[in-house]
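Line order of the protein sequences matches chains A and B.
First residue of the first sequence: 12, per my numbering; consecutive thereafter.
First residue of the second sequence: 11, per my numbering; consecutive thereafter.
By construction, these hints were calculated from the structure, which means they are not laboratory data.
There may be inaccurate statements among the hints.
As the list claims (entries may be wrong) - Below, computed lysine-lysine pairings styled on DSS-like, alpha-carbon distance capped at 25 Å:
id : chain 1 : residue 1 : chain 2 : residue 2
1  : A       : 71        : A       : 20
2  : A       : 71        : B       : 76
3  : A       : 34        : B       : 141
4  : A       : 67        : B       : 76
5  : A       : 34        : B       : 197
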Amino acid sequence: MGKETNEEKQFVESIDRLLAGEKIEGTEDISEDYRTAINFAQKLTELRADPSPHFKDRLKQQLLLQLTRQEVETAQKKEGRISFWEFLANLLPQSPVWRTVTATIVVALLTVTVLWRTGMFTESPVPQALMVEAPVEESLAPSGAPKAGAPPPAPEMEEAVQSQETIEKVIELDQTQTVNGITITLERVELSASEARFYAFHVPPDYSLPQGPDLPPPSLMALHAHAEYRFDGGPPKDAGISGIRFLDNGMEHIWSMLDPVPKDAKELTFIITRLGEWEGPWEFAISLQD
Amino acid sequence: MYAGQPWGKHQNRGQTRVSTVKETVSARETFAELYEEYMPKVYRHIYYRVNNTQVAEDLTSTAFEKALTNFGKFSSDRASFSTWIFSIARNVVIDHYRVQGRRRQILSLEETTEADQVVSGDLSPEEELLKSEERQRLQVCLAGLSHEEQEIISLKFGAELTNRQIAKMLGLSESNAGTKLYRAVRKLRDSFEEPENG
């Protein structure tokens with residue numbers, strides 16, 4: 012057993028030497044089995060099939076060509092990426108002074124764009140800037156009443172509206188109505204020659220705003236209110252769907268761009284017909300007399 | 011401060027071109043060296059397994075093309091390249107037999123084609139004929155070994171791998187690989203020397 016193991020080791024070493032091109036000399040104490048195995052291994056190396064020189068050269072040329080193609084493709088990709096960054100770098104002026112001026116202008120433009128999109132230049136300032144516009148529903152639009160997001164009235168129409176005498180005042184109300192356990196406060200009405208605007212406040216159950224820049228949950232984002240209004244018991248006009256602002260303590264609903272209130276109107280009735288999935292009505296009577 | 015930074019277009023592009031050319035030359039030289047060293051071994055290893063010149067050439071080409079696709083990973087590590095290229099060659103042979111539906115691996119002497127007569131310019135026609143007959147007989151005997159024994163013989167005498175490399179490739183211990191090699195050679199010898207195989 013030990014002799015065979017020793018022969019195995021010797022055999023492995025001899026094979027490696029054989030493959031390295033050395034000649035294996037036999038010794039006196041090796042067995043016949045080992046000697047013939049070594050001789051046969053020698054024959055195995057002699058009988059190995061070598062590739063033909065033609066095939067060897069042809070494959071080499073083919074592979075080198077393939078390698079060249081790969082390198083060209085890689086270089087082209089690198090050049091493409093560098094050219095893009097070079098293009099961006101060349102957009103910058105070379106002078107440090109002009110670079111500073113360019114950077115300042117870019118920052119200023121970005122700031123103005125961001126402020127414009129938050130509505131700072133078009134809305135009255137309101138705490139908690141997060142505002143969600145009411146979705147436009149054409150079928151609910153009152154006849155002749157422009158809606159949020161709708162184009163301004165034609166010049167002749169605008170002239171007709173402004174020619175009427177309208178009430179222009181701000182009425183602080185803070186009227187509260189509770190229907191089906193849902194409480195809504197109509198806080199304020201802004202009446203001007205161009206529009207009527209209503210502000211209501213509501214605290215949904217378990218209301219809280221996420222910290223940081225995250226948006227409120229979808230259930231709150233979809234919590235718009237439907238409303239209508241009328242003057243002196245006349246036919247109701249559709250106020251459409253509220254825009255909403257998320258405040259720390261609750262949600263503010265705003266209806267804007269509604270018809271101006273005629274000067275001779277005595278009473279304005281504002282009715283919130285539905286708030287999200289909750290049915291109303293929450294009805295508020297507003298006296299227009301001083 | 012921006013002074014001194016290489017913003018210039020031409021400066022950057024020039025540097026890139028130089029390095030690309032260097033990389034290309036270096037890769038070609040390295041590959042050419044590795045090809046000269048390993049191509050005959052890969053071919054012999056594959057030939058042991060398929061016993062057909064045309065198939066051995068096709069599979070050798072396939073193995074090197076596959077290796078070339080990811081050549082950059084191994085150009086600086088010769089030892090890794092050795093193990094890697096023979097792993098590819100081994101898998102190429104396995105795929106070949108899978109595609110062939112593991113059709114017969116034993117080619118009878120009558121089926122051996124003219125293309126399989128490997129000619130060496132150093133031998134006389136008589137010696138060449140004798141060697142060719144011995145090579146064919148060897149292939150018949152090889153086909154009588156187990157799959158693992160065939161692989162060990164081809165990885166040792168074709169690929170010229172060390173026992174450690176063979177052991178790693180076949181999932182054996184190094185000493186076990188040596189034992190199996192010794193037994194496979196003796197088994198092949200006995201088969202080769204039997205009169206009916208002559």
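Here is what the structure says about each hint:
{"no.": "1", "hint": "A/71 / A/20", "verdict": "violated, 38 Å"}
{"no.": "2", "hint": "A/71 / B/76", "verdict": "holds, 14 Å"}
{"no.": "3", "hint": "A/34 / B/141", "verdict": "holds, 20 Å"}
{"no.": "4", "hint": "A/67 / B/76", "verdict": "holds, 17 Å"}
{"no.": "5", "hint": "A/34 / B/197", "verdict": "holds, 23 Å"}
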